[in-house]
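K.L.:
Those sequence lines, one after another, are chains A and X.
In terms of this note's numbering, the first sequence is residues 1 to 132.
In terms of this note's numbering, the second sequence is residues 1 to 248.
Treat the hints as calculated values from the structure; they're not laboratory data.
Think of the CB as a built atom: it goes at the ideal place given N, C-alpha and C, for glycine as much as any other residue.
Mixed in with the good hints there might be a few duds.
Which residues of chain X face chain A? A few of them, derived with a C-beta cut under 7 Å, are [as the list claims (entries may be wrong)]:
1) Glu-76
2) Pro-173
3) Pro-176
4) Thr-177
5) Arg-178
6) Thr-179
7) Ala-194
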Amino acid sequence: MVYDKGKVITGLVVFLIILLSPLWYNALSGKVEPSLKLSMPKEEKSCIEERMFMRSNHMDLLIKWRDDAVRKGIRTYKGLDGKVYRISLTGTCLSCHIDKAGFCDRCHGYSGVKTPKCWDCHNIPKEEGSKV
Amino acid sequence: MDRRKFIKITGITLAGVTLGMGDSLFGKVYASPQNVKRWAMVIDIGVCLKNPECRDCVDACVLTHNIPDFNNRKDEVKWIWKARYGDVFHDSALELTKERLPSIPIPVLCNHCENPPCVKVCPTKATWKREDGIVMMDYHRCIGCRYCMAACPYGARSFNWREPRPYIKKINPDYPTRTKGVVEKCSLCEERIALNKLPACVEACKHKGMALVDTSAGRLDSYPSIKDRHIIARKTHLGTKPRVYYVL
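One chain only, chain A, in its complex shape (with noise of 0.2 Å):
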């Protein structure tokens, strides 16, 4: 038994359209598919890792790049396919990723993630606009 059936079920269909808005707007508006389009680079057909390793995983990689290169002198990692890659965030995954704007950043902004502080001494070769 439920008292003012009526204005109980009426309310909540309300709440759910408020709720589920953000997905009515995209719906109607066109955009249903969330499109990223990187610029990935042109060359290369995989990177020193697997793709989806890479995707997940490429923060804590750099950090042990870092930790490597730094405190304990080691220079070089060895990748996926046995190759020997010099570790260095310009030299090396800059090299093929050249477009930093279009890879890095774009997917960055795409997800709402904090761009890290890298660049604010780490070089970016030739981006447009860049004091580099």
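Starting from the structure of chain A, add chain X where the hints point.
P.N.:
Structure of chain X alone, referenced to chain A:
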């Protein structure tokens, strides 16, 4: 077992354990692996005496390590710079040195001390002494407290009071810049040594007045070129054991 016997056995056991520990700590020779180097720098003052205008070492370092020039002595960032002999060795017997010597500019840099006071005071281990003797900086960890600057008796450390990038004439893309709020200093070009290259200053000195030497290989005077010459170092009375040697 009576009380007497129990105490005897306990005593003997304790003594044995203590002696055993003592043996394991002090009885052994802790030899370092042979491939570990012990870097030091040797600077020939005789060369600087003949070429007082030369700044090759300083200029090479500035270009290699993206050192800013604020055109302002208060904010100055220095890794290697030139200072008058008389100021650098103000505690030495100046009256015994050659007349012209005190006014001659000689290169000064981080001494990569054997007993570095900067390392002792750093609260975040952003600076530490590597096995090969290089006193290293990890700029990622530096919180800018400047304790190390207070501790260094050689003034070899500089603080970035301002954002350095706009004041770097030409950025070397192979070496990072620093950022506002961190302390920086000479790294003895550890990044070049890792690639089997000489430090930038040593390589740049066209008069061959600087050398990087491995002191783990033997005494400094076992090097023929400095064999019979007088070797001095800065402020040795402080006990920091500096590893930048000057040859007179």
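K.L.:
None of the hints should be skipped; say for each whether it holds.
P.N.:
Cross-check of the supplied hints:
no.: 1; hint: Glu-76; verdict: violated (19 Å)
no.: 2; hint: Pro-173; verdict: holds (5 Å)
no.: 3; hint: Pro-176; verdict: holds (4 Å)
no.: 4; hint: Thr-177; verdict: holds (5 Å)
no.: 5; hint: Arg-178; verdict: holds (6 Å)
no.: 6; hint: Thr-179; verdict: holds (4 Å)
no.: 7; hint: Ala-194; verdict: holds (6 Å)
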